Amino acid sequence: MAVIPNTGKDICPGNGSRLKVKKIRSNPGRSWLLLLFSLPATHKTARVAIWRKLQKSGAIQIKTSTYLLPDTPAQYELFQWLAKQVTDYGGDSTLIRAQQIEGLSDARIVGLFNAARDGDYAALGECARKLAAPRAAKRDKAFSDELEKLRKTFR
Numbered sequence: 024m025a026v027i028p029n030t031g032k033d034i035c036p037g038n039g040s041r042l043k044v045k046k047i048r049s050n051p052g053r054s055w056l057l058l059l060f061s062l063p064a065t066h067k068t069a070r071v072a073i074w075r076k077l078q079k080s081g082a083i084q085i086k087t088s089t090y091l092l093p094d095t096p097a098q099y100e101l102f103q104w105l106a107k108q109v110t111d112y113g114g115d116s117t118l119i120r121a122q123q124i125e126g127l128s129d130a131r132i133v134g135l136f137n138a139a140r141d142g143d144y145a146a147l148g149e150c151a152r153k154l155a156a157p158r159a160a161k162r163d164k165a166f167s168d169e170l171e172k173l174r175k176t177f178r
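Following my numbering, the numbering of the sequence shown begins with 24 at its first residue and continues without gaps.
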């Protein structure tokens, strides 16, 4: 079974999960988005909902309740939406766009993102190996369906 690292969840096709496995490259002129937030300890459901959205987005956690993504229009919109969600749940949030983060070089940040994706790529490889395993009829309908689910899951 292929699993999401540190969660134990199955990510092979057929379970409805969607996982992005895009690696990024170092670019010293890049800017970064930081989402800082706090939610009351009593809002456990809200905390889990925000955490799940952050995990699905591929954001990396650099401090408690501080998440980082490359600065792109889509990621900015996502962090704006999450900041609004945090506020709607009764918390506080701040969205920051930064060129540099003290103590973290661009190469180190990219390394953190790529390390986080390495597990995803390994899981994708495991799913692909399962599909490529010898079968009586590789071109049968079940194989085609599994391959299509895998393609949709990891696009």
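Just so you know, the hints here were simulated from the structure itself, not pulled from any lab data.
Keep in mind that the hints are not guaranteed to be accurate.
Using 25 Å as the maximum straight-line C-alpha spacing, the simulated SDA-like pairs for lysine to any residue come out as follows [claimed, not checked]:
# : residue 1 : residue 2
1 : LYS172    : TYR144
2 : LYS76     : GLY134
3 : LYS164    : THR117
4 : LYS107    : GLY126
5 : LYS107    : SER54
6 : LYS86     : GLY142
7 : LYS79     : ASP129
8 : LYS76     : ARG120
Quantities reported herein were computed from a predicted structural model and do not represent experimental measurements.
Hints, one by one, checked against the model:
For the hint linking LYS172 to TYR144, the alpha-carbon distance of about 16 Å falls within 25 Å, and the restraint holds. A C-alpha spacing of about 22 Å is found between LYS76 and GLY134, which places the hinted pair at or below 25 Å, so the restraint holds. Restraint check for LYS164 and THR117: the C-alpha separation of about 49 Å exceeds 25 Å, so the hint is violated. Only pairs whose Cα atoms come within 25 Å are accepted, and LYS107 paired with GLY126 is rejected, the gap being roughly 28 Å.
With a C-alpha separation of about 22 Å, the suggested pairing of LYS107 with SER54 holds against the 25 Å cut-off. Simply put, LYS86 and GLY142 have alpha-carbon atoms about 21 Å apart, close enough for the 25 Å limit, and the pair holds. Under the criterion of a C-alpha separation no larger than 25 Å, the hint pairing LYS79 with ASP129 is consistent with the structure, at around 22 Å. Distance check on the hinted pair: LYS76 and ARG120 sit about 19 Å apart at the alpha-carbon level, within 25 Å; holds.
Of the numbered hints given earlier, the model fails hints 3 and 4; all others are met.
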